[in-house]
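Peer 1: Chains as they are written, first to last, in my numbering: chain B, 26 to 427; chain C, 26 to 427.
No lab work stands behind these hints: they were computed from the structure.
C-beta: ideal position from N, C-alpha, C; glycine also.
Among these hints, one or two may not hold up.
What the hints assert, rightly or not - Straight line, CA to CA, 27 angstroms or less: simulated BS3-like cross-link-like pairs of lysine-lysine: (1) B:Lys324 to B:Lys250; (2) C:Lys85 to B:Lys85; (3) B:Lys257 to C:Lys32.
Unchecked claim - Ranges between beta-carbon positions, derived for each pair: (4) B:Arg42 to C:Gly231: 34 to 40 angstroms; (5) C:Gly329 to B:Lys53: 47 to 53 angstroms; (6) C:Ser86 to B:Gln221: 52 to 58 angstroms.
There are 2 protein chains.
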Amino acid sequence: MINQSYKEMLSGKSIIRELSEYATARGKEIGYENVFDYSLGNPSVSCPSEYTQSVIDMYKSSNPMEIHGYSPSLGIEDVRIQVAASLNQRFGMHYEGKHIFMAIGAAGALAHAFRAVTEPGDEIVVFAPYFPEYYEYIRRTGAIMKVVAADTDTFQINFNEFEKVINEKTMAVLINTPNNPSGIVYSEETIKKLSQFLLEKEKEYGHDIFLISDEPYREIVFDNKACPYPSKYYHNTLSCYSFSKSLSLPGERIGYVAINPECTDADILAVIMGQISRGIGHNCPASTSQLAVAQVLDKTSDLGVYEENMNIIYDALIEMGFTVVRPGGTFYIFPKALEDDANIFCMKAKKYDLILVPADNFGCPGYFRMAYCIDTEKVKRSIPVFKKFVYEEYLCQNKNVK
Amino acid sequence: MINQSYKEMLSGKSIIRELSEYATARGKEIGYENVFDYSLGNPSVSCPSEYTQSVIDMYKSSNPMEIHGYSPSLGIEDVRIQVAASLNQRFGMHYEGKHIFMAIGAAGALAHAFRAVTEPGDEIVVFAPYFPEYYEYIRRTGAIMKVVAADTDTFQINFNEFEKVINEKTMAVLINTPNNPSGIVYSEETIKKLSQFLLEKEKEYGHDIFLISDEPYREIVFDNKACPYPSKYYHNTLSCYSFSKSLSLPGERIGYVAINPECTDADILAVIMGQISRGIGHNCPASTSQLAVAQVLDKTSDLGVYEENMNIIYDALIEMGFTVVRPGGTFYIFPKALEDDANIFCMKAKKYDLILVPADNFGCPGYFRMAYCIDTEKVKRSIPVFKKFVYEEYLCQNKNVK
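Here chain B stands alone, though its shape is the one from the complex (with noise of 0.2 angstroms):
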């Protein structure tokens, strides 16, 4: 018979999938250009013109027995020792090729690393907002989610929250800096806060804490400051990361999960997650991709453009006189809405062709999000309809708006 569980998950649709589907179907209509589509995390610049010369020369000049060749499950060991390498130069750290597991995208990567470290009925800890996926991610792994209610003033650690959640049966937690859907990067002070807060945590219940650290938009900071890496400041993290946006090549399906050397069981935790990958049928990424992504490691697509769309949006925001907290990077912006129910506030929006994306999936009812990975001139024309929706739906009625 098909299975239950996951026929009645037919019904429980993504509202992110179904607007950015109504967005499509409302291009056909009155054309998409017309259309201010704020729904998908896509990334809107070409990868680096370097990727596709290296695919295109590896093609040619290589051996087809080689380059197709079946991969280990851990990956090509030659990219796992790039990959270290390149991390061990830009942060600092200590990998050896045995810490890098190569993954199927972030998803593959925490799909492993959630594996890896809890047993069924373990408690997985996130911070609200996060990214609406994290619940079937971790619900099939047998671990439970546990949301720790956000600081919406800055969308930092609410560690008074956090201590309200975190139990003996915590055995990860999970973050993601830069933040989807806040666009917050964690400061300095929040991450180091946080390692001496397991660290206690972990002497409190005498056993392992693992930090779970979500990267895909590490590379997509502003103000021309870098994410501080949280495994610099936590022995037991096993950082995912998938080259999806700062390659822009969500298609390829290719990052990896990133072993800290100091923490439980580092030199066999890639080799666990080799077993794990036969029970799910993951395997590794194509192993083109591996050996292509390893010749552009240290190269990033035109991220800039990201910036300077959320400056026009965030001023924009302000001057409307919305209550925003200002992204630190990501392609993603995180205000209140203008009433209680963010999802009426959405409905109205859409009379507009603006698609935006209530937040309650994300732990965080009320607010909702914008994914600017769209044409810098594209935003410019959004802002006119924005404030004219909101003359028409809230002016009127609301002093608070400018």
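Place chain C on chain B using the hints.
Peer 2: Relative to the frame of chain B, chain C by itself:
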């Protein structure tokens, strides 16, 4: 804490991998050309040049945003439609795009097929000899693998034994034809009998029984024959395919599940598999791999070498007095060892740098597997070594060996 059940798997290393690693290490000592390595099922011929060219053309002429964008988790729509059309033309099926789910190799395809049609605790029947990884693939879904003993005279299905194993809890039956490790192709008679048998059992038990058909060797068939397409004979069939062998692209990790349009819930099964992907971090194969294989769906590598190798080895084995069923396809042959314990037999062969895999893990003790996806020249050179091994180790003791 580190997950114990995965950690325990580390001690149960795959015998195939162990022997393959031994062969590589031994090759470093005496030159790999002197190691007759029949351990691994890794294609030994290049992908078709059309594949390489189509990738180069795609990278040269396409917008990177289009070829590297997120693929839907069910696969790129056009690719799914093209796969359906190709199968329809070859096998007289009536697939539409919605019946095709693009997967990360056959392992990814099976991971979704198993989960889609079973609940934890359900039973999945496999036939010995079988690919050893099936055990982990199935166990990790929560389902239970039940084994039907081999008919070692023919390696077709042993229906008397099947009758003893099947029961009300049987929700799926897994076949693999052409078969790894036996090299046997199920005859049309076998497939028809299987279909009839399953139809009766569906009626008797009052529920669906899905046939999951693992077909990575579908195109490697000898004597100018074709492998009967199981889905043509039984409605509730999920055909799991990989391009690893037919196009010699094991590293690309690309395949699919083809859902028989007549099967229960045929129209939503691919969507359900999309939900399964969320839980196991699968997503889909690399977008560029999908687009590239779609250009060469009806091509194969030059697969004739496998038949040539098979004939040389089969004739030599018969000459040496082995009990062996002539393979109808794949690049495997599955003779009976010359003593009861095939492990000891293979250990003795190792002394001659002849790497053979004992079949205990394949559910068929006393037999061994040879993967003859190696150069024909090396196959030829291995025969005198094989004869020497048999002569020195067994001829004096065993009259059955000529």
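Peer 1: Now tell me if each hint is right for this structure.
Peer 2: Hint check:
1. About 17 angstroms separates the Cα atoms of lysine 324 of chain B and lysine 250 of chain B, which keeps this hinted pair within 27 angstroms; it holds.
2. Of the supplied pair hints, the one linking lysine 85 of chain C and lysine 85 of chain B holds, its CA atoms being roughly 12 angstroms apart against a limit of 27 angstroms.
3. For the hint pairing lysine 257 of chain B with lysine 32 of chain C, the CA-to-CA distance comes to about 26 angstroms; that is within 27 angstroms, so the pair holds.
4. A beta carbon spacing of about 36 angstroms between arginine 42 of chain B and glycine 231 of chain C agrees with the range 34 to 40 angstroms that was offered as a hint.
5. Checked against the given bound of 47 to 53 angstroms, the beta carbons of glycine 329 of chain C and lysine 53 of chain B, roughly 49 angstroms apart, stay inside it.
6. The given range of 52 to 58 angstroms is respected by serine 86 of chain C and glutamine 221 of chain B, whose C-beta atoms sit roughly 54 angstroms from each other.
No hint from the list above goes unmet by this structure.
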